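**Q** Those sequence lines, one after another, are chains C and W. So in this note's numbering, spot 57 of the first sequence is number 57, and the numbers just go up one at a time. So in this note's numbering, spot 34 of the second sequence is number 34, and the numbers just go up one at a time.
Derived from the structure by calculation, the hints contain no laboratory data. Heads up, a few of these hints could be off.
The calculated lysine-lysine pairs, modelled on DSSO-like cross-linking and capped at a C-alpha distance of 30 Å, are [said to hold, decoys possible]: (1) W:12 to W:90; (2) C:57 to W:35; (3) W:90 to C:11; (4) W:39 to C:54; (5) C:90 to C:39; (6) C:90 to W:12.
Model, not experiment: these values are computed from the prediction.
There are 2 protein chains.
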Amino acid sequence: MAEENTIFIGKKGTMAYVLAVVTQVNAGAKDVTIKARGKAISRAVDVSEIVRNKFLKDMKINNISTSTEELSSEEGGPIKVSSIEITLTK
Amino acid sequence: MAEENTIFIGKKGTMAYVLAVVTQVNAGAKDVTIKARGKAISRAVDVSEIVRNKFLKDMKINNISTSTEELSSEEGGPIKVSSIEITLTK
């Protein structure tokens, strides 16, 4: 999957990411992967649901996978964070 | 799927739900479904990851699905909330 088809969910409002997905698809992307970590996981699901139910009703969820990533905390120790990847396909 | 094999993620700490899943499996359940709505979705993924990586390493994710549920808000109008279901299987 080309990295340019990936939307990373951060701290912006949900609709900013919905718009990003819709823009990529309108620019010709056949699939888009939505990635998020930690508390942003809920927002990733919201983005996927809003895109499919409101804006791009012909897109389907092709795959959802979860994993655990190890990051380094500000104190230097490792912290484990859950992550999700949702791939939408036409 | 029997309803008793379902864990609903609410406002308790993550480990309370991890323990609930492990208890069900130790009591003989072959699969357990973890359900959550809204902001609890992130915690559902945490529970699934911790169960698989730390406690029950022989369990796999059998299915992850998302949907949109319509609830009534306290003001009476409908509100839409994303939900997730993660099914772990031995």
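**Q** Indicate, hint by hint, whether the structure satisfies it.
**A** Here is what the structure says about each hint:
no., hint, result
1, W:12 to W:90, "holds, 26 Å"
2, C:57 to W:35, "holds, 24 Å"
3, W:90 to C:11, "violated, 36 Å"
4, W:39 to C:54, "holds, 21 Å"
5, C:90 to C:39, "holds, 28 Å"
6, C:90 to W:12, "violated, 38 Å"
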